[in-house]
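Protein chains: 2
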Amino acid sequence: MISTIKDVAKAADVSIATVSRVITGSAQVKPEVRQRVLEAISSLDYRPNISARNLVMGKNRTIGVLVSDLTNSFTGEILSGIEEMCQTFKYDVLVCSTGGDIKKEAYYLEQFEGKQVAGLIMIPWKLHAETVEKINSMTIQIIMVNRNNSKLTVPTVAIDNYKASYQMTNYLISKGHKRIGFIRNSVDVDFFGLDQYRGYKQAMLDHLLEVDQRYVKYGDFSMENSYRIVKNFIVDRDMPTAIFATSDIMAIGAINALRDNDYKVPEDVSVVGFNNVKMALLYRPRLTVIHQPLYSIGTVAVKMIANKKDYNFTSENRVVIMPHKLIERESCGPVNMNMKQPPSPRIWGEETIE
Amino acid sequence: MISTIKDVAKAADVSIATVSRVITGSAQVKPEVRQRVLEAISSLDYRPNISARNLVMGKNRTIGVLVSDLTNSFTGEILSGIEEMCQTFKYDVLVCSTGGDIKKEAYYLEQFEGKQVAGLIMIPWKLHAETVEKINSMTIQIIMVNRNNSKLTVPTVAIDNYKASYQMTNYLISKGHKRIGFIRNSVDVDFFGLDQYRGYKQAMLDHLLEVDQRYVKYGDFSMENSYRIVKNFIVDRDMPTAIFATSDIMAIGAINALRDNDYKVPEDVSVVGFNNVKMALLYRPRLTVIHQPLYSIGTVAVKMIANKKDYNFTSENRVVIMPHKLIERESCGPVNMNMKQPPSPRIWGEETIE
DNA sequence: TTGTAGGCGTTATCAT
DNA sequence: ATGATAACGCCTACAA
Numbered sequence: 000m001i002s003t004i005k006d007v008a009k010a011a012d013v014s015i016a017t018v019s020r021v022i023t024g025s026a027q028v029k030p031e032v033r034q035r036v037l038e039a040i041s042s043l044d045y046r047p048n049i050s051a052r053n054l055v056m057g058k059n060r061t062i063g064v065l066v067s068d069l070t071n072s073f074t075g076e077i078l079s080g081i082e083e084m085c086q087t088f089k090y091d092v093l094v095c096s097t098g099g100d101i102k103k104e105a106y107y108l109e110q111f112e113g114k115q116v117a118g119l120i121m122i123p124w125k126l127h128a129e130t131v132e133k134i135n136s137m138t139i140q141i142i143m144v145n146r147n148n149s150k151l152t153v154p155t156v157a158i159d160n161y162k163a164s165y166q167m168t169n170y171l172i173s174k175g176h177k178r179i180g181f182i183r184n185s186v187d188v189d190f191f192g193l194d195q196y197r198g199y200k201q202a203m204l205d206h207l208l209e210v211d212q213r214y215v216k217y218g219d220f221s222m223e224n225s226y227r228i229v230k231n232f233i234v235d236r237d238m239p240t241a242i243f244a245t246s247d248i249m250a251i252g253a254i255n256a257l258r259d260n261d262y263k264v265p266e267d268v269s270v271v272g273f274n275n276v277k278m279a280l281l282y283r284p285r286l287t288v289i290h291q292p293l294y295s296i297g298t299v300a301v302k303m304i305a306n307k308k309d310y311n312f313t314s315e316n317r318v319v320i321m322p323h324k325l326i327e328r329e330s331c332g333p334v335n336m337n338m339k340q341p342p343s344p345r346i347w348g349e350e351t352i353e
Numbered sequence: 000m001i002s003t004i005k006d007v008a009k010a011a012d013v014s015i016a017t018v019s020r021v022i023t024g025s026a027q028v029k030p031e032v033r034q035r036v037l038e039a040i041s042s043l044d045y046r047p048n049i050s051a052r053n054l055v056m057g058k059n060r061t062i063g064v065l066v067s068d069l070t071n072s073f074t075g076e077i078l079s080g081i082e083e084m085c086q087t088f089k090y091d092v093l094v095c096s097t098g099g100d101i102k103k104e105a106y107y108l109e110q111f112e113g114k115q116v117a118g119l120i121m122i123p124w125k126l127h128a129e130t131v132e133k134i135n136s137m138t139i140q141i142i143m144v145n146r147n148n149s150k151l152t153v154p155t156v157a158i159d160n161y162k163a164s165y166q167m168t169n170y171l172i173s174k175g176h177k178r179i180g181f182i183r184n185s186v187d188v189d190f191f192g193l194d195q196y197r198g199y200k201q202a203m204l205d206h207l208l209e210v211d212q213r214y215v216k217y218g219d220f221s222m223e224n225s226y227r228i229v230k231n232f233i234v235d236r237d238m239p240t241a242i243f244a245t246s247d248i249m250a251i252g253a254i255n256a257l258r259d260n261d262y263k264v265p266e267d268v269s270v271v272g273f274n275n276v277k278m279a280l281l282y283r284p285r286l287t288v289i290h291q292p293l294y295s296i297g298t299v300a301v302k303m304i305a306n307k308k309d310y311n312f313t314s315e316n317r318v319v320i321m322p323h324k325l326i327e328r329e330s331c332g333p334v335n336m337n338m339k340q341p342p343s344p345r346i347w348g349e350e351t352i353e
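Taken in order, these protein sequences are the chains called L and X.
Position 35 of the first sequence, counting from 1, maps to 34 under numbering that gives the first Met the number 0, and the rest follow consecutively.
Position 231 of the second sequence, counting from 1, maps to 230 under numbering that gives the first Met the number 0, and the rest follow consecutively.
Quick caveat, the hints were computed from the structure, so don't treat them as lab data.
Wrong hints could be hidden among the right ones.
One copy or two, either will do: identical chains are not told apart, so a pair holds if it fits within one copy or between any two.
What the hints assert, rightly or not - List of simulated lysine-lysine pairs, DSS-like, C-alpha gap at most 25 Å: (1) K324 to K5; (2) K114 to K58; (3) K114 to K302; (4) K89 to K103; (5) K89 to K114.
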């Protein structure tokens, strides 16, 4: 049987008010009484009921996190930062996963509102127009992670995707590449993919290079899709000399497609990634990438909720930009002018996870 | 301003009891009244206060999850199963991460007890003796995932690590390997590492093969450590023909060390992994592994809490065994009797994540 | 079918 | 320093 504050009061022969004082430390209690209470607590194995406490306190020390995919290490690394910072701020972390399902997204948004969480951090794959509207009209504090959009009015943490992409494209160009494949994401209204594409385009333009739409493809963050995209480059016998994938997993998919067809990376084709998840370093060749401070992004998101006043968000001043950097590793080299074409395209099975 | 059930009652001109009835559906309400209430709810944008509801219902629809590492995709995949099943059972998922810190482990165990969660699922790296004791004496329902121990008295979900390991070792032997390196984990009292080692040993014994302790090493689930272990095999000029790593990441670390020194996998040395996280398939060569149904393990853990009575746990009958399988891919081949030794061991930098 | 009222376990505001 | 007691928002007998 679970014991309540009343049981403790009875056992220690004091009022419940006194018990409450010793557990909250909200007021002085005579040491000997305090001792009696403490003993009663431990002998009865008493723990305060959180629901009751939250109810009377009118505040919910929990932060909700709404993610698209928990198995993704990108999510995991941000989540890790969120969790750590919540520990220091004494927030509970409530996690829900949508799998990218827009219905679930709407449902959980309402659930979280019902729970009246202290804040909600969203780590979505893509931003649907309907969701954006809903988000803007929510009464709870929402922080958007790594996604942005002109219609959005809630605070956001992200890197400067435009600059990062511009920088990486410049780097590729500096290595002599002119035909640069670009695997982007998130059609829709999402600024994530848009900013990255703009950065790529501008860098090309600044070097008087043509943006050839045959080389600009839409992925969906999956390795399978980028594998297919590169496979089509091979089938079409029209391979760019470098491929800029806007996620590490997509970069790996691209390299795998290349390798499975006897292209060498980076000798024949250079491939670069985006994010710098752990796998970017585990994979061989190690990926040259744009590094995003995922863990820090998570911690900042929590701070934005905990110290809302300090940030003083307005509709103009609502996005916190985190630093990124370009990390040179092994998957990118100088352009190879005489890239060999394989004798003939092969037949491939699709890659799937058993 | 957040509205309560009273506001709704006033707006709809009924009692709060009636409002409560329409939101819970616990009793019949005249359709027109019901309609009025519904309208009031939506116009006031009312959401029931979860704390109040939980308080009066005397139950806490939340399941705690205590993990060691959120960035690990092993954790992510189990968590994903947990989350999904919690959705269907209408549980909230409260996540805490310890980073393997035993103090934090104890702290969170108490926190969860205080919250009186419906159940607590633990996904630890290793099982410390002190923790085991604490776990056994807890009043809340705990489910242990993927770890076991003779001292433990709480329900557990896991695969049969002994059989899995036995099977994999047999497979290696069937490929002609006799000198098989084994990278194990979790010293302590943990059955996880122990069972796997026993399986390896038995398979060797059953084939009259010597278990050479020079080839049995302790990793810590990290890629860095297994990299170092294999590097030492090279330095010692004493390389087994196959390496059985008890986690995929450690297998990748082993392969990377091999590759960085011009050993070919699987031509020169075979390497196999354990778990089958997504990376096992993304990496090249694709890893031959023991597959663990991580997602299902997560779902089962939740079911064990939700349908506790059905499982009828006793101290003898407390572990639920999930099916595993051996998946043949590319990282393991027949033994190479004439494995070349590199001219001389090189100097390596340690692998670190920036 | 609907309303009244008691109680869930806490915290906090009064007195004392 | 301590003890009554009134909230907190909700559910549910019990009455009407």
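Against the structure, the hints come out as follows:
1. K324 to K5: Neither. Shortest intra-copy (57 Å) and inter-copy (54 Å) distances fail the 25 Å Cα cut-off.
2. K114 to K58: So K114 and K58 pass the 25 Å test inside a copy (10 Å) and across (15 Å) alike.
3. K114 to K302: both (20 Å within a copy, 24 Å between copies)
4. K89 to K103: between (28 Å within a copy, 13 Å between copies)
5. K89 to K114: both (17 Å within a copy, 13 Å between copies)
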